[in-house]
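Chemist: Following the hints, position chains B and C against chain A.
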Amino acid sequence: MIIGTLGSHSALQILHGAKKEGFQTAVVADKKREDFYRNFSFIDNILSYDSLDNAVIQINKMKDNGILIPHGSLVEYLGKERVDKIQTKIFGNRKIFEWEADQKKKMELLRKSHIKIPEIFERVEDVDRLVIVKLNGAKGGKGYFLAKNKSEVKEGISNLINSKMIKSEEEVIIQEFVIGVPMYFQFFYSYMLNRTEIFGIDIRYETNIDGLRRLPYNYIKETNPSPTFVVVGNIPAVARESLLPVALEYANNFVKTTKELVPPGIIGPFCLESIVTDNMDIVVFEFSGRIVAGTNLYVNGSPYSWLYWDEPMSMGRRIAREIKIANEKDKLNLVVS
Amino acid sequence: MIIGTLGSHSALQILHGAKKEGFQTAVVADKKREDFYRNFSFIDNILSYDSLDNAVIQINKMKDNGILIPHGSLVEYLGKERVDKIQTKIFGNRKIFEWEADQKKKMELLRKSHIKIPEIFERVEDVDRLVIVKLNGAKGGKGYFLAKNKSEVKEGISNLINSKMIKSEEEVIIQEFVIGVPMYFQFFYSYMLNRTEIFGIDIRYETNIDGLRRLPYNYIKETNPSPTFVVVGNIPAVARESLLPVALEYANNFVKTTKELVPPGIIGPFCLESIVTDNMDIVVFEFSGRIVAGTNLYVNGSPYSWLYWDEPMSMGRRIAREIKIANEKDKLNLVVS
Amino acid sequence: MIIGTLGSHSALQILHGAKKEGFQTAVVADKKREDFYRNFSFIDNILSYDSLDNAVIQINKMKDNGILIPHGSLVEYLGKERVDKIQTKIFGNRKIFEWEADQKKKMELLRKSHIKIPEIFERVEDVDRLVIVKLNGAKGGKGYFLAKNKSEVKEGISNLINSKMIKSEEEVIIQEFVIGVPMYFQFFYSYMLNRTEIFGIDIRYETNIDGLRRLPYNYIKETNPSPTFVVVGNIPAVARESLLPVALEYANNFVKTTKELVPPGIIGPFCLESIVTDNMDIVVFEFSGRIVAGTNLYVNGSPYSWLYWDEPMSMGRRIAREIKIANEKDKLNLVVS
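Chains as they are written, first to last, in my numbering: chain A, 1 to 337; chain B, 1 to 337; chain C, 1 to 337.
Excised from the complex, chain A in its bound form (with noise of 0.2 Å):
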């Protein structure tokens, strides 16, 4: 059996993940990317493309032997129509990238799991307060801006829609702005061993919002530059215990609704994108259902996956170890789609 994955995102680390289990594995690659990937010993084929149309190809190359491990990068470089086009078997349920791919789906997944989200204003009118807009899909941020009051809100919409981000004011999700610090909670559902393991947290590293504080005072005052929230990296961190057992719970919650509204639910990795605010409540304002890049800082694994597992387990080979025991158990059609 082959393991595969588009080449960008998290690539790395699950296919290094997959040899670790004893998987042949692939990266469908840009072919101005070959280069990088033959760097790595434990990519055993690279299928590269030089077109959208052809990386579909490239993936249906696998359908016979392969699974496809899904990221963020996948519906965010194909788009929705060529994702659908993919025959190879797809890890996880492929239902939940619809739901993702809409920002106000997500926040009624998060809503019905009776977990803490911040407030949406449905119209500019609305809004009383800092908010953040933001864009539908996994962006990695990119046009995202705050606005303290309505007309700063429509300001931003104008702007966006005259530089062709998006059409209209439909495709923006307008969220309060909670105060607090970001930590992202990263969870592995395993069918196979029913249960929801916390694999590890991070904090996203973000140009230019996160160089801006190095400026100086005067600049800043004379400049008011505007903050922007491109993600480049990531940078690790662990919680307080006392507030695992709320993400844990948080999660559970999380993996139950999403069986009931999006059958047969999440299989695998996802992420809760959260504020933790100074009483100590987790307010999540986003989610995502499969793999986050965040996990590239745990190839040797977390401090959290070491409780669970003895061996140094990343994101990629726990994703690639679930495979293996649905495999060995005659059972893979439950963890794929």
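If you are wondering where the hints come from, they were derived from the structure by calculation, not from laboratory data. Accuracy of the hints is not assured; some may be wrong.
Just so you know, same-sequence chains aren't split out, so a pair can sit in one copy or run between any two.
[As the list claims (entries may be wrong)] Quick list of in silico lysine-lysine cross-link-like pairs, DSS-like style, CA-CA up to 27 Å:
1. Lys134 with Lys154
2. Lys150 with Lys221
3. Lys32 with Lys259
4. Lys31 with Lys112
5. Lys32 with Lys112
6. Lys142 with Lys105
Modeler: Quick look at chains B and C alone, frame taken from chain A:
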């Protein structure tokens, strides 16, 4: 022999390490957290409690064959009186607890160890620079505030009294707020090996102060939000190597002073919470006389513990190792109290 | 064979790695730090010195059977003239030192490698945006300052001259201050394996700039404290996977350029110190032609080194491994100078 701890703070790490060293393990946990701790196979026994008095009863069930590992939440949750009723042996020196609980005694221990500390203002009237006002006990930073001058100090103390967080001015300590970067140096003093080991370094992740910097300048200017300092996690770091000899010298001095003032002195983990200034001075503004939550980062060993041990050594495991060595030498009574 | 280094910077990691590869080890340490280095069992010999001239004598004791691993503190502590008197073989290419010490030559090397760099202002009069003014040599950021315009640049240079940190304007480099987030890409060029490995990524932890953000807005407004940039530690990070092919291409270009301009070119560790902008551009504002202290984070391997090696590989160990391979192939002379 059984190693037990209260279910919070660094319990997972402590019990994971104890199991690795071959001990039976027990967590004394709030009934509501029972399910949470049941996820981890290295926990052999869950002694659940429904009241704090009952927690003490559960702890005392281990009095014949157990050792309790204390951490920051023990005194904070149970309170001094209940802790005094613990009959189970406690790892380390119980007498350190009262020094730790009293900010003024704390600073005295540091001063006598020839460790650089921030200016302390005994009287509000003496305040002549930016200060941080702190509460006694390890409340995770709750209630701490910054003040630029006498009147802000007075106002802040009134607020604390009004909100019933303190009863009088006597319960706070007013410290110079040293300009520099926070760095928390974790150590382990081994009575058995007669040495102080540098264990690791962390930076506390505090809400909302570490989130406020993400707010746009205009918003801050208009709303001037008050920073809060509630610790919700930790971020790993290493120090410039030339800082380490100074840090270790401080640590050795500290061990020596505790032997004199609180015999038999500190045993096991402690932490020197510091600000490093741009003169490369390490200014210690607080210490913890037991395991700190920042060590939760290093479940598989830290960049420093790998230098001492050729195996993954967490602080939890290091404690268990010390107990094991003491037991083998029939000197257990020297490391517990 | 003995591997030695000067007792500072990354000495612990270097000697720990050397011991793992089976070498004898020696640290050449200031007498005051002798006790410190005695704590670590992987250090076989401590050659202590009481003057910098004596340090050279100590280093030269290893001239028949030793290899000295250079790091950022070597040239900085000893000065060029003393380094020229070192007869012991030095790992890597000594000639890189002078390129590294000269900010202008540095930028030339990067420019010729087709690496994006910040605008450089040759004359104070040309300054038309926010700039950072830097001093030659790796002084850990000491003396660096930000300036918004010509007059602030002039004032800052006068201050440096008055405080005797520099003698003339010629000793500084005036660089555009690129808005984005810092990210330091660490590499290892293996002459033996004929490849450039991505080793790891770190963020420098600088005092007081990384602490100022914790000050309340009102205090900053009133006092407008000057940021300083003294590196006192490092924080780990990973980059978005799509940045890695670009970073590695830059690194390969850099290796090629050094082969042309400073034959036989860079050998072993180097670092491209970068700002990542919100266009996802990697702008390299400096390089280090030897091991950087940021690799101290990865004593047990980094998220990237685990992808190349199935064993814990620190940068210190990687250097020792290269020496071992070269020695086995009887090609030691190709990796030392």
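Chemist: Within a copy, between copies, both or neither: where do Lys32 and Lys112 come within 27 Å Cα-Cα?
Modeler: between (43 Å within a copy, 22 Å between copies)
Chemist: With 27 Å as the alpha-carbon cut-off, assign the pair Lys142 and Lys105 to within, between, both or neither.
Modeler: within (20 Å within a copy, 36 Å between copies)
Chemist: Given identical chains, is Lys32 near Lys259, meaning Cα to Cα at most 27 Å, within a copy, between copies, both, or neither?
Modeler: between (40 Å within a copy, 25 Å between copies)
Chemist: Taking 27 Å as the upper bound on the Cα-Cα distance, should Lys150 and Lys221 be classified as within, between, both, or neither?
Modeler: The answer is both: 23 Å in one copy and 18 Å across copies each meet 27 Å.
Chemist: How would you classify Lys31 and Lys112 at a CA-CA limit of 27 Å: within, between, both, or neither?
Modeler: between (43 Å within a copy, 26 Å between copies)
Chemist: Checking an output row: Lys134 and Lys154, CA cutoff 27 Å. Within, between, both or neither?
Modeler: Answer is within; shortest intra-copy Cα gap is 13 Å, inter-copy 42 Å.
In this structure, none of the earlier numbered hints is contradicted; all agree with it.
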